[in-house]
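Asks: Order-wise, the sequence lines are chains S and F.
1 is the number of the first residue of the first sequence in this note's numbering; add one for each residue after it.
1 is the number of the first residue of the second sequence in this note's numbering; add one for each residue after it.
Don't take each hint at face value.
List of simulated lysine-lysine pairs, DSSO-like, C-alpha gap at most 30 Å [claimed, not checked]: (1) F:K39 to S:K258; (2) F:K372 to S:K258; (3) F:K2 to F:K63; (4) F:K388 to S:K258; (5) S:K254 to F:K394; (6) F:K2 to S:K260; (7) F:K319 to S:K260; (8) S:K60 to S:K49; (9) S:K302 to S:K240; (10) F:K222 to S:K260; (11) F:K372 to F:K394; (12) S:K258 to F:K319; (13) S:K254 to F:K388; (14) S:K260 to F:K372; (15) F:K394 to S:K258; (16) F:K388 to S:K260; (17) F:K372 to S:K254.
If you are wondering where the hints come from, they were derived from the structure by calculation, not from laboratory data.
Small disclaimer: the values here were computed from a predicted structure and weren't measured.
Each chain, letter by letter, is given below.
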Amino acid sequence: MAYSLQPTAYSHAGVPMSILVNRNTRVIVQGITGQAGAFHTEKMLEYHKASVVGGVTPGKGGSTVHGLPVFHSVREAVAATGANATVIFVPARFAFEAIVEAIEARLALIVVITEGIPTWDMVRVRRRLTGTPIRLIGPNCPGLITPDACKVGIMPGYIHRPGSIGVLSRSGTLTYDAVYQLTQAGLGQSTCVGIGGDPVLGSSFVDLLTLLEADGQTEAVVLIGEIGGTEEEEAAAFIKARMTKPVFAFIAGKLAPKEKRMGHAGAIVAGGRGTAAEKIAALREAGVTIIESPAAIGQTVKAALVKPGVLRS
Amino acid sequence: MKLHEHQAKQLFVQLGIPIPRGQVARNAAEAAGAYETLKARCGSPAAFACNVKAQLHAGGRGKAGGILVARSAQEAVAHAQGLLGRRLVTHQTGPEGLPVSAVLLDERIDVAMEWYLALTIDRFHARPLLLASREGGVDIEALAATRPDAILRIPVDVIDGPQDDTLLRIAETLGCSAAQEAACRQIIRATWALATSSDASLVEINPLVITRDERLLALDAKVTLDDNALFRHPDLAALRDESQEQPLELRAGRIGISYVGLGGTIGCLVNGAGLAMATNDIITLCGGSPANFLDVGGGANVEQVTNAFAILLADPRVKAILINIFGGIMRCDWIAQGLLNATRQVEVNVPMVVRLQGTNVEEGRRLLAEAKRLNLISVDELEAAAQKVVELTK
Chain S
1 MAYSLQPTAY
11 SHAGVPMSIL
21 VNRNTRVIVQ
31 GITGQAGAFH
41 TEKMLEYHKA
51 SVVGGVTPGK
61 GGSTVHGLPV
71 FHSVREAVAA
81 TGANATVIFV
91 PARFAFEAIV
101 EAIEARLALI
111 VVITEGIPTW
121 DMVRVRRRLT
131 GTPIRLIGPN
141 CPGLITPDAC
151 KVGIMPGYIH
161 RPGSIGVLSR
171 SGTLTYDAVY
181 QLTQAGLGQS
191 TCVGIGGDPV
201 LGSSFVDLLT
211 LLEADGQTEA
221 VVLIGEIGGT
231 EEEEAAAFIK
241 ARMTKPVFAF
251 IAGKLAPKEK
261 RMGHAGAIVA
271 GGRGTAAEKI
281 AALREAGVTI
291 IESPAAIGQT
301 VKAALVKPGV
311 LRS
Chain F
1 MKLHEHQAKQ
11 LFVQLGIPIP
21 RGQVARNAAE
31 AAGAYETLKA
41 RCGSPAAFAC
51 NVKAQLHAGG
61 RGKAGGILVA
71 RSAQEAVAHA
81 QGLLGRRLVT
91 HQTGPEGLPV
101 SAVLLDERID
111 VAMEWYLALT
121 IDRFHARPLL
131 LASREGGVDI
141 EALAATRPDA
151 ILRIPVDVID
161 GPQDDTLLRI
171 AETLGCSAAQ
181 EAACRQIIRA
191 TWALATSSDA
201 SLVEINPLVI
211 TRDERLLALD
221 AKVTLDDNAL
231 FRHPDLAALR
241 DESQEQPLEL
251 RAGRIGISYV
261 GLGGTIGCLV
271 NGAGLAMATN
281 DIITLCGGSP
291 ANFLDVGGGA
301 NVEQVTNAFA
311 ILLADPRVKA
321 ILINIFGGIM
331 RCDWIAQGLL
341 NATRQVEVNV
351 PMVVRLQGTN
361 VEEGRRLLAE
371 AKRLNLISVD
381 ELEAAAQKVV
391 ELTK
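Next up, chain S with everything else stripped away, as it sits in the complex (with noise of 0.2 Å):
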């Protein structure tokens, strides 16, 4: 059995469009008769009617949710619908038999906004796609969208425009904040996508940058970090060796004492290390903009690339 392939948007002039979701997405949601998969399976249809396709709940095969078709498993789901995608809503403690589904019914991309997922369980996910091209988005995060193309997740979809601006976020409502802002100084988004706050993710900063370094709509990205962990400062050396378009961070708990989990489960500074500061050194000095104020995110980037040369639009 193949791999289902990363659907791929392209330009008039065949430039790569967006990243990982696009008008081509097809997406199941795992866990869509459950309440929050079916209240996001509306807004999703809302969005853009043909991304979701339907949907998986073991023991409710041949219903239907918002006009949906709702199947047994996941494999069966694929080859009834041709979905290239799943968003997984199923609770922390199943979420494990759900992704492994996922990966064994080798769909490019799966979403996994659960949150509670144990440690363990993440890292067991992780070996499971080593070697194999799936790539995996979460867990305990809000999702991605392309603006006007497709949203796979929880994120308001409103507040989002179409444009140039790659978004990459440990969080969720800070994300929204930063889109808002984004999109009240004109800068529109190519992709945005919540990584997640949990300590083992399925797609790091540097996954997602490379991805964001070669795609043909994105020209400046804006980066969300917090506290603990070390994404950001295998960011930052990614950033220093192999990226050309700026990027500017924001990173959230200069205050967070140690020891102490600051609601997320990967948001910790544990053994002295992943503290705020030694975040913004290791970016500040791969030449990322640092920006102090999470109220000041959207104007720092418009007065940094709204000038003749720097931005396309």
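Model the placement of chain F on the given structure of chain S, informed by the hints.
Replies: Quick look at chain F alone, frame taken from chain S:
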């Protein structure tokens, strides 16, 4: 979730990691019996001395007077009385310290060498990681900062576990003799088994000692469990010691609100962890000091908001509150209504600045304005809202 040393040592016993003989005492009376029992277990030598170790969720006990020596049952009782119920302040606890909820009486060991062994998870690479060093018994964070080469780090495959070459490499690095190698390998395997079977994010033996008679023992034991996995370990979840948690944080956690006290004067109520941290940050930028981090979560309904207010206001230092909500699915008009209802139920006698943004924001702001609450000020923009609330505390 952290475990106490004595709890971690019990798990070590179950998995076959050797520990010194020990007895737990939870009050002074138990301490006398614990001393006698331990003495008997150790062969009733004429002059029996044991360690009396304070049990709390922090290290640095030795320097803080939390590890004492008892040479008689009376001394054991005196030490227990001095430690139990008292708050011990170590360099890891912060100035308020932590209450000592039990003492562990441990046999004193004649130590020849002290090593370090731990298993943790490398987050970025999503791999279990074995850590080993010949320099045990010291502050490992300090060692990692000053001489990182002194610590061997070996990734382990999550499916295969530690393989022979890894076990050998660790044994060689530590400088195991032929006599010690088998025991060392067995301890590493047992550490792995413990971590994987209990969903531990950290298992640490510091120090792992070689005794004068060439036995390997875990002199101290540290186990941290993944909170997300406790649902599948009810027996381990039952080991939680709530006395070690900050009361407001505990109370908030019970109702699904993330709360961390920060000691300042401006209470914060936010939806979303990243936004909550960013709210703390902007208050600081505007010259104020946040009293807390608080994420009320995705379902900011009247009940949760009311609960959040009650927790915020239980902190006597709070002189003003900043509410920062980005309404996505949660519409701003519902949030505004929730705030108005909640602040009727809980008497809020400090000023509140509310910054709403997102879905139906105009409706939300209109509702707040029409309510004409004297101590509820609506400010549209985040920086202006932060400045306003800081101004109110000066």
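Asks: Taking the hints in turn, state whether each one holds.
Replies: Hints, one by one, checked against the model:
With a C-alpha separation of about 40 Å, the suggested pair K39 of chain F and K258 of chain S falls outside the 30 Å cut-off, and the hint is violated. For the given pair, K372 of chain F sits about 41 Å from K258 of chain S by alpha-carbon distance, which is inconsistent with the 30 Å threshold. Pair hint K2 of chain F plus K63 of chain F holds up; C-alpha atoms about 21 Å apart against a cutoff of 30 Å. With a C-alpha separation of about 29 Å, the suggested pairing of K388 of chain F with K258 of chain S holds against the 30 Å cut-off.
Distance hint between K254 of chain S and K394 of chain F is fulfilled; the C-alpha atoms sit about 23 Å from each other, no more than 30 Å. Taking the CA atoms of K2 of chain F and K260 of chain S, the gap is near 12 Å; set against the 30 Å cutoff, the hint holds. Among the hinted pairs, K319 of chain F with K260 of chain S is consistent with the structure: their alpha-carbon atoms are about 24 Å apart, no more than 30 Å. Under the criterion of a C-alpha separation no larger than 30 Å, the hint pairing K60 of chain S with K49 of chain S is consistent with the structure, at around 23 Å.
Simply put, K302 of chain S and K240 of chain S have alpha-carbon atoms about 22 Å apart, close enough for the 30 Å limit, and the pair holds. Our distance criterion of 30 Å between C-alpha atoms is met by K222 of chain F and K260 of chain S, whose separation comes to about 17 Å. For the hint pairing K372 of chain F with K394 of chain F, the CA-to-CA distance comes to about 24 Å; that is within 30 Å, so the pair holds. For the hint pairing K258 of chain S with K319 of chain F, the CA-to-CA distance comes to about 25 Å; that is within 30 Å, so the pair holds.
Between K254 of chain S and K388 of chain F the alpha-carbon distance is near 21 Å, which keeps this suggested pair within the 30 Å criterion. Straight-line distance between C-alpha atoms of K260 of chain S and K372 of chain F comes to about 38 Å, which puts the hinted pair past the 30 Å bound. About 28 Å separates the Cα atoms of K394 of chain F and K258 of chain S, which keeps this hinted pair within 30 Å; it holds. Annotation: proposed proximity of K388 of chain F to K260 of chain S holds, straight-line Cα distance about 28 Å (limit 30 Å).
Our distance criterion of 30 Å between C-alpha atoms is broken by K372 of chain F and K254 of chain S, whose separation comes to about 35 Å.
Hint check: violations occur at hints 1, 2, 14 and 17; the rest are consistent with the structure.
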